[in-house]
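S.K.: Quick note, the sequences are listed as chains X and L, same order.
Here the first sequence is numbered in my numbering, starting from 10 and rising by one per residue.
Here the second sequence is numbered in my numbering, starting from 10 and rising by one per residue.
Read the hints as simulated data drawn from the structure, not as lab findings.
We put the CB at the ideal spot given by N, CA and C, even for glycine.
Possibly wrong hints are sitting among the right ones.
Distance ranges between label pairs, derived from CB positions [claimed, not checked]:
| id | chain 1 | residue 1 | chain 2 | residue 2 | range |
| --- | --- | --- | --- | --- | --- |
| 1 | L | GLU269 | X | GLU44 | 27 to 37 angstroms |
| 2 | L | PRO212 | X | LYS272 | 54 to 64 angstroms |
| 3 | X | ARG293 | L | VAL333 | 19 to 29 angstroms |
| 4 | X | GLU250 | L | LYS246 | 54 to 64 angstroms |
| 5 | L | GLN215 | X | HIS122 | 49 to 59 angstroms |
| 6 | X | GLU298 | L | ASN265 | 29 to 39 angstroms |
Spelled out, the chains give:
2 protein chains.
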Amino acid sequence: MTQRLSPKLSALLERFYQRDRNALARLITLVENREVSVAALMDSIYSRAGRAHVIGFTGPPGAGKSTLVSRLITRYRNLGSEVAVLAIDPSSPFSGGAVLGDRIRMADHFTDHGVYIRSLSTRGSHGGLSRAARETMLVLDAFGYDPILVETAGVGQTELAIMDLAHTTVVVTVPESGDSIQVLKAGLNEIADIFVVNKGDRPGAQRLKTELELSVKLKGSQGWRVPVLVAEAVNDKGIDEVLRAITDHRAYLATNSDSEVDKEKRLREFREILTTELSEKASRALKSEALAHVVADVKEGKVNPYEATQSILSDLAVLARMFVVPLEKTARGQW
Amino acid sequence: MTQRLSPKLSALLERFYQRDRNALARLITLVENREVSVAALMDSIYSRAGRAHVIGFTGPPGAGKSTLVSRLITRYRNLGSEVAVLAIDPSSPFSGGAVLGDRIRMADHFTDHGVYIRSLSTRGSHGGLSRAARETMLVLDAFGYDPILVETAGVGQTELAIMDLAHTTVVVTVPESGDSIQVLKAGLNEIADIFVVNKGDRPGAQRLKTELELSVKLKGSQGWRVPVLVAEAVNDKGIDEVLRAITDHRAYLATNSDSEVDKEKRLREFREILTTELSEKASRALKSEALAHVVADVKEGKVNPYEATQSILSDLAVLARMFVVPLEKTARGQW
């Protein structure tokens with residue numbers, strides 16, 4: 010039932026399985042640019058993934074997430090782990106400049122072959138950022154990186170969806186980011202497995218810690234107790250405690266996984282993959298011969314787009330051409 | 010080929026056509042909550058829309074967009090126009106509070122029946138905010154409001170997509186929002202038909218105006234010349250000039266519409282409507298009997314989501330059940 014991979018793609022996958030970093034980079038680019046049938050590719054590597062611990066880092070811009078991640082990388086390298094970092098840049102135009110700075114702070118690790126750093130940006134991903142993030146994580150996981158650290162530069166809708174992909178979510182706050190009310194408003198107390206009050210030497214750090222601890226208590230005491238840690242990432246203080254909390258949470262998950270929660274998570278994942286695949290195939294079909302006539306009518310204003318949508322969705326022959334029959338090769342037909 | 014509307018929905022539409030404001034509100038809610046076949050509904054009203062001038066207002070939080078919109082409403086009401094305002098709230102959690110304030114400032118117009126104010130928020134719209142915005146605009150347009158003022162509280166990806174729906178885009182900036190570099194970075198010079206430097210009495214206003222004028226000049230002089238206006242919305246200063254620029258731009262569009270640009274816009278609109286409809290039908294199908302078996306296998310981890318996606322998309326019988334055959338009625342089956 011499933012699509013076969015081209016010989017060229019199979020050869021690339023072979024090199025990937027032999028842990029060739031160039032093949033890894035090429036594969037991520039293919040996934041990001043949707044140059045191949047990503048579903049077929051993912052189906053092939055899915056069974057090799059599922060071993061890595063995925064740790065998400067989120068919080069307001071300027072909270073020091075990149076510095077914290079950089080400190081943790083050093084710890085993981087000392088432990089002999091091979092670490093991947095996925096930095097999500099939603100390109101919020103008015104946040105300005107943070108991402109470049111983040112990359113510079115990460116520069117310590119650029120020459121270390123046991124660390125793989127990759128950025129994913131909204132630009133060009135057409136709202137499919139969380140899907141691209143999921144698939145890049147799967148590729149990194151299948152390659153053998155463990156842990157995978159995912160950093161988002163903000164806390165919008167997309168970022169929350171990406172945090173949903175992490176096993177352990179670390180919410181990084183700072184005294185300046187306002188008080189705990191902001192955290193609650195953003196729904197961050199719902200997703201936090203670990204709170205880190207960074208820049209802990211600044212005024213207000215202790216109060217923020219107390220407020221966050223209260224919000225954790227109010228949530229109830231069943232299951233994992235969310236720790237609220239104080240750190241100074243810039244001064245390398247409190248990092249070991251963060252590492253220990255992450256390790257504890259991983260151990261907790263190993264013995265306390267909730268099968269109902271896991272099932273719902275798989276369903277959400279399936280829904281997102283299916284709907285994205287439908288959208289992508291439909292977008293491609295709009296460029297194909299099969300729908301040229303309908304597209305021309307809509308462009309000329311002869312048919313309104315709702316009527317055209319309905320006529321496509323009620324015509325099985327058209328649906329077959331959109332989804333079942335392989336479409337014409339794209340410009341990069343070699344894949 | 011197209012779907013028929015239920016008698017109840019037809020009756021609601023009838024009241025809507027008779028300009029019943031309760032029917033309007035009900036219809037927008039139906040569209041927002043996707044309780045009906047929105048494509049069928051939109052197909053019915055599409056021919057009645059297309060008369061209103063849609064004016065978008067965007068810019069950084071705190072630039073004074075709502076105050077400017079409120080001032081313009083007063084002008085339009087004095088001219089005898091019936092005005093609709095669509096306030097888009099992307100619920101960015103760390104922007105905090107702006108939206109409530111905006112609503113309060115708009116309160117002057119709440120009791121005026123010639124003004125219809127509606128908010129649309131990200132929460133619950135599952136990333137479909139720009140589609141919901143488009144369809145709400147169509148409904149307001151078909152009802153007879155003209156102009157329709159659309160306000161976004163930020164300048165992210167979604168907001169840019171929404172501004173794409175406007176005929177005239179007003180970019181509101183303030184001296185404090187940083188310099189023109191921020192505007193350029195955000196791509197706002199690409200979408201601005203009119204620049205307004207608001208809070209024009211503050212230091213830096215003149216410099217910002219000069220910089221924006223330079224960026225307009227650098228873009229080239231073909232077609233519409235983007236004016237850079239200085240206003241003080243709070244003090245009701247400079248508003249007539251903004252109104253005049255909007256009116257000029259509308260007149261410009263009426264005589265200078267570029268048919269190629271219009272065609273591309275219709276194609277983008279069609280692509281978005283088609284892909285959203287596919288996603289929504291697929292999501293509903295995942296809750297139906299037809300796919301219960303696949304869903305169960307995915308939830309149990311017996312089949313990976315990519316394999317399941319591929320098997321669905323290669324099976325015409327499944328596709329037929331997803332899209333062509335009407336699905337079971339939803340909980341609110343009365344529509």
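S.K.: Of the numbered hints stated previously, which ones are contradicted by the structure, given in increasing order?
M.R.: No hint contradicted; all consistent.
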